[in-house]
Amino acid sequence: MAILTARQVTKRFGGLVAVDTLDLEVKEQSIHSIIGPNGAGKTTFFNCVTGFYRPEEGEVSFNSHSLVGLLPDRIVRLGIARTYQNIRLFANLTAVENVLVGQHAHLKTGVVGAVLRPAGTQREEQEAEAEARRLLKFVGLAGMGDFLAKNLPYGQQRRLEIARALATRPRLLLLDEPTAGMNPRETQDMMDFIRRLRDELGITILLIEHQMRVVMGISEIVTVLDYGKKIAEGPPAEIQRNPTVIEAYLGRGSAAEFTRMA
Amino acid sequence: MTYLRLIWKQGLQIGLIGGVVALLIALTGMAVTFNQRDIISGVVSVGLMLMLLVMVFAGYLAARRTAQPRWLVLVNAMVAGLVPGVLLVVLVVVGNLVNLRLILINASPMLYDLLTFKQGVLAGSLSLLVAGGVSGLLAGLVYLLPDLPRRVLVTALAGVILTGVLQDLIRTVIAAWGPLAIINQWFFTGTGLTIPGAITVFVLVAAGVYLQAKRGAAVQAQYRSLRPTTQRGLKLTGLLLLALILIVLPQVLGLFLSEVLTIVGLYILAGLGLNIVVGFAGLLDLGYVAFFAVGAYTVAVLTSPELGMFHLSFWEALPFAVTLGVLSGVILGIPVLKMRGDYLAIVTLGFGEIIRLLVLSDWLRPFLGGSMGLGRLPRAIIGGMTIPGLNITLPAYEFTGPQQFYYLILVGCLIVGFIAWRLRDSRLGRAWMAVREDEDVAQAMGINLVATKLLAFASGAAFSSLAGAIFADKLGSVYPHSFQLMYSIYVLCVVIVGGMGSIPGVIVGAFAVLGLPELLREFAEYRLLFYGAALVVLMLLRPEGLWPEALRRRELHETEEAGEPVPEADLTCAPAE
Amino acid sequence: MLQRLRERIDPTDVVMWVIGALILLAVSVGSIITLFPSLATALGLTVSVYGFTDWASILMSGLAQGSVYALIALGYTMVYGVLRMINFAHSEVFMSGPYTAYFVAAALYTTGWLDSQPIISLAIVFAVAMIVSSTIAVLLERIAYRPLRTAPRLIPLITAIGASFFLQYTFRGLYGSGFQAYPVVKILTGQWIFATPLGELRIQVIQVVVIVAAAALMGGLYLFTQRTRVGKAIRAVSEDKEAAALMGINMDRMIVVTFVIGGLSAGAAGVLYALMFKQVHFFMGFVPGIKAFTAAVLGGIGNLPGAMLGGIFLGLIESLGPSLFLNGLGIVAPYQLKDAIAFIMLVLVLIFRPTGILGERLAVKKA
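Protein chains in written order, with numbering that gives the first Met the number 0: chain D, 0 to 261; chain Y, 0 to 576; chain C, 0 to 366.
Please note that the accuracy of each hint is not assured.
The calculated lysine to any residue pairs, modelled on SDA-like cross-linking and capped at a C-alpha distance of 25 Å, are [unchecked claim]: (1) D:K149 <-> Y:W546; (2) D:K149 <-> Y:D439; (3) C:K277 <-> Y:L356; (4) Y:K337 <-> D:G68; (5) C:K231 <-> C:R145; (6) D:K149 <-> C:R145; (7) Y:K337 <-> C:R145; (8) D:K149 <-> C:R83; (9) Y:K337 <-> D:N91; (10) D:K107 <-> C:P10; (11) D:K228 <-> D:L15; (12) D:K149 <-> Y:R541; (13) C:K277 <-> C:L121; (14) D:K149 <-> D:E128; (15) C:K337 <-> Y:P365; (16) C:K240 <-> D:N37; (17) Y:K337 <-> C:K277; (18) D:K229 <-> D:E55; (19) D:K149 <-> C:A150; (20) Y:K234 <-> Y:I246.
In silico contact screen, one side only, chain Y against chain C (beta carbon under 10 Å); selected entries [claimed, not checked]: (21) L283; (22) L285; (23) L326; (24) A344; (25) E352; (26) L359; (27) W362; (28) E397; (29) L484; (30) L528; (31) M538.
Calculated directly from the structure, the hints in this document are not laboratory data.
Think of the CB as a built atom: it goes at the ideal place given N, C-alpha and C, for glycine as much as any other residue.
Throw the hints in and build the complete structure from the sequences for me.
Here's what the structure looks like:
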């Protein structure tokens, strides 16, 4: 029941090995977190999954469909969407337009249809706009549709990014540090929202996170990376007590201290 | 900070910049060239006005930077106006001692005459200094005025200057209206506005601004309170009036101005195309002239009797021209698909140059006419066919001159404008804009970069080759020298000045960039200097151009949807439907 | 498996490879025919035949021009290294120096100094040109580029284009639109003739001077960037702006220094160009500018030795091209397409090896 399988994925940049023989399995409809110190290769791995990078070695498959070598626009049509560590919205487009772009893969109008606007195209556009506004409402941005993305406050931009990702109708959603820069209340809302995504929409969530309370709070499985290698994997409670993990985050010697304190 | 330092920072610095600008205007010959035309006959010429304006602007900017206290504003403004005067005096004095003309060819006696108000070195220099100081001071005073009087004054003055600058256009238009031509005699002499005429313009504009300020809001409210059907009726009447004017325009304006309109029209066509490539898709294509050439040469090759290979009419050649244009758009687009920004610009520039060199070469002379080009192209004709069964010959309408081509170009603009408008608000348009904003993420949204970019190039090429085809027919010939890099730059200016991605902006841009030099012959020599400066200034101060669209759209919507407050972190609101 | 293949290889890549192969084929065929004229008659083409002397002078002129391109390319590559933008107006930086120095040179000529004290006179001319070029470069940076450092990439590019035309036409307004003939410096005229077993070898004095001067300047510049503190700081800024700032390097000042150096080398290149081609005019910067940019990209943009290499390479190809392969293909008056060769080279490099011969040290971050 693994929706995403990565086997021995390796990504190198010149002499630097960013991701090192990584094996990962994400179970369908689970909430799976990837954690690790900065530079551990988490975002690089995301990039390998979504087609931004091509791993030197290894296999990534989604529902037994191989992803390696596919272009990003093919991969998204298979049902994988993502958000970005540094928000990458279409700054000079409105919120609605951002979400409409997300629907691109599911709309059919081409050049001819755009110019002639037959009834089919008009209907499609109307439905798309309705869906876009619905998605905006779902993420809590009702009524903000016609503001330029760059003018939205930070928290709303993050939500817009998720709305846009949802517009692609994904089965698997990759969230890259969704709670970065949020205060505790916003973080709690985001956690509840992520759970809703899985519970109500049946979307599998794979997230990169730094805030331990989010990781521990909503994940079912946690994978820990350090220097591109997987150093631990398991349910949150186990990971919390794993000395190798503690060492990776806090440095050698802290493991003993920590276990003494725990 | 001591007041001396303040004066340096806020007054002198701006004054120096203004001074350099004034010197450049003088030494590049602009002052003298513009001197030929008077704004107010016998009183002030455009050239002189330009210099004074520099001092006034310097003074105004200095005043704005100072802001307070009042007396410092005036001092800085005066200083800022004075410095250009000082620099010009230095020029005059040095120029009279040393023959600067050996190096700076425009440092001529005429320049010195202009600068010294024809009063000789000593008296002239003093006058210059006084003019500078007074201009600056006045600018400072204007800055200190309250809002409404300031707006009235500035707009009225601008109106007078504009009327003087555009006198040819205004005179011609009024002269065409028979009995109303008398107005011309009141307002204008051969070279400029009359004094009573200038005063009248000033008063009229001032009154207009004043009324708009006082009553404008009320009138708008009245309009809004009308029933929607009445509103629509008014809009429709407005559109009909516009259409009527457009149809009648070439007859009213005469030959020369119709020619100007056709040039502007062709650039609107081309601009709409480049607007898609640069404005929507964010691909800076500097080789746009290549497609213009393809369109023009296709028509030439297919219709030219000199070449004798094909004997098609213009209408038969037109679809080939556009199709070849689209193909060349795709062909030239493929190599640059993976390039970004700067590289894309230079490579497309290279393509444009390659096409020009090929077209000019002796190697391809047997097919393309070489440096002599191809001539004697048959003009387009509508009708003139004989219906076989009924033995009736339809009347022929031949496009001979600008007044006829105007209609062809007008129809072309309307069609292309319509297509561009539809494309912008479509899935494809959104895809283009996504690619412009962030190519990688756009791809991650399912947008096929190859197809999207090639479609942008193809559309742009289609419009440009259409313009080229009409251009070839209008001119009756094609010469390689018509297809230089300059064309690409002109079209780029049209798009940028009007506003990247804005369709009405293209129209504004075309009139500004192409129309003005035609109306101001003297200006034409310094075209590219102004265009270059305009690009730099626009990018620094107003990158969205003169008539940006998104702004208006968003502003409109903001008022509509402003009512609904949204709780900040309410992610757990109503469940999905 | 075919589908996997199709998913990996872009159809557009195929098109590009086909075009590249065709060009390579044409070049090879043309060269072979030129070098073996009997083939030409067999194919019924009219082809000019060149001897050893001709090839030698073609090579020399290619080297000389290439050296000039290399000097200009330095400016492009250094600015790209620190600002990641192409200084489109660098071609006007190149033009402004020699054009202004023209008047100095003309004055020196009329007073006879140019011939009586050639070294000093030339030094003065070079100095004036280099100072003027640097000043224009610094003004460009201050007024047009600095305020837009954080703007999206398209904006500074358009500003650069605007500045380029503005400068061209300002100089046209100031100095006139004519072609000004550079005075002839007696010691630079003439040529050396060597008799070799292969034929006569004719080398023009001015070409040697250009090559040597350019080499000296490039050598000096290379030492500057490798050995001096400022040079190293500039290299640091091109590698990683943020890290350099964290190390206490003053970004603004380094950028200004970069523009100054670029201006100096462009001004010197301008004088050399003017001495070789014996004229200056306001539009002279445009074509050499594009070619120098091509050279910079050829060698690997951001890479100094690369720019120098690229310049020489481009000069040679451009010089050899018409005679070697265009001629062999039976093209009439091939020298008309000389500039086209440079443009085609640019396109080919950017398509097939965008990192250039010596490679670009910049990694592309996608997300």
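Hints, verified against the model:
The suggested pairing of K149 of chain D with W546 of chain Y holds, with an alpha-carbon distance near 20 Å, which does not exceed 25 Å. Under the criterion of a C-alpha separation no larger than 25 Å, the hint pairing K149 of chain D with D439 of chain Y is consistent with the structure, at around 18 Å. A hinted pair counts as satisfied when its Cα atoms are at most 25 Å apart, and K277 of chain C with L356 of chain Y qualifies at roughly 24 Å. Our distance criterion of 25 Å between C-alpha atoms is met by K337 of chain Y and G68 of chain D, whose separation comes to about 17 Å.
A threshold of 25 Å between alpha carbons decides the hint, and for K231 of chain C with R145 of chain C the separation of about 22 Å falls inside it, so the pair holds. Restraint check for K149 of chain D and R145 of chain C: the C-alpha separation of about 23 Å stays at or below 25 Å, so the hint holds. A hinted pair counts as satisfied when its Cα atoms are at most 25 Å apart, and K337 of chain Y with R145 of chain C does not qualify at roughly 28 Å. The hinted pair formed by K149 of chain D and R83 of chain C meets the criterion: a straight-line CA distance of about 24 Å does not exceed 25 Å.
Restraint check: the Cα-Cα separation between K337 of chain Y and N91 of chain D comes to about 23 Å, which is no more than 25 Å; the hinted pair holds. For the proposed pair K107 of chain D and P10 of chain C, the alpha carbon gap of about 22 Å is at most 25 Å, so the pair holds. With a C-alpha separation of about 13 Å, the suggested pair K228 of chain D and L15 of chain D falls inside the 25 Å cut-off, and the hint holds. Simply put, K149 of chain D and R541 of chain Y have alpha-carbon atoms about 18 Å apart, close enough for the 25 Å limit, and the pair holds.
Note on K277 of chain C and L121 of chain C: the hinted pairing holds, with a Cα-Cα distance of about 14 Å set against a maximum of 25 Å. Distance check on the hinted pair: K149 of chain D and E128 of chain D sit about 20 Å apart at the alpha-carbon level, within 25 Å; holds. Between the alpha carbons of K337 of chain C and P365 of chain Y the distance comes to roughly 20 Å, so the proposed pair stays at or under 25 Å and holds. Distance check on the hinted pair: K240 of chain C and N37 of chain D sit about 20 Å apart at the alpha-carbon level, within 25 Å; holds.
For a cut-off of 25 Å, the pair hint linking K337 of chain Y to K277 of chain C is broken: about 41 Å separates their Cα positions. Restraint check for K229 of chain D and E55 of chain D: the C-alpha separation of about 17 Å stays at or below 25 Å, so the hint holds. At most 25 Å may separate the alpha-carbon atoms for a hinted pair to count; K149 of chain D and A150 of chain C meet this at roughly 14 Å. Straight-line distance between C-alpha atoms of K234 of chain Y and I246 of chain Y comes to about 18 Å, which keeps the hinted pair within the 25 Å bound.
Checking L283 of chain Y against chain C by beta carbon gives a least distance of about 6 Å; that is within 10 Å, so the hint holds. Nearest Cβ of chain C to the Cβ of L285 of chain Y: about 8 Å, under the 10 Å cut. The hint holds. About 13 Å separates the beta-carbon of L326 of chain Y from the nearest beta-carbon of chain C, more than 10 Å, and the hint is not met. The restraint placing A344 of chain Y at the interface with chain C holds, with a minimum CB-CB distance near 6 Å, inside the 10 Å limit.
The criterion of a C-beta within 10 Å of any C-beta in chain C is met by E352 of chain Y, whose closest approach is roughly 5 Å, and the hint holds. Among the interface hints, the one on L359 of chain Y holds; its C-beta lies about 7 Å from the nearest C-beta in chain C, closer than the 10 Å criterion. Residue-level restraint check for W362 of chain Y holds (minimum Cβ-Cβ distance to chain C is 5 Å; threshold 10 Å). The interface hint given for E397 of chain Y is broken, as the beta carbon of that residue sits about 38 Å from the closest beta carbon of chain C, more than 10 Å.
The interface hint given for L484 of chain Y is met, as the beta carbon of that residue sits about 8 Å from the closest beta carbon of chain C, less than 10 Å. At about 4 Å, the closest approach between the beta carbon of L528 of chain Y and any beta carbon in chain C falls short of 10 Å, and the interface hint on this residue holds. Proximity of M538 of chain Y to chain C holds as hinted, the smallest CB-CB distance being about 4 Å (cut-off 10 Å).
In terms of the numbered hints stated before, the structure departs from hints 7, 17, 23 and 28, listed from lowest to highest.
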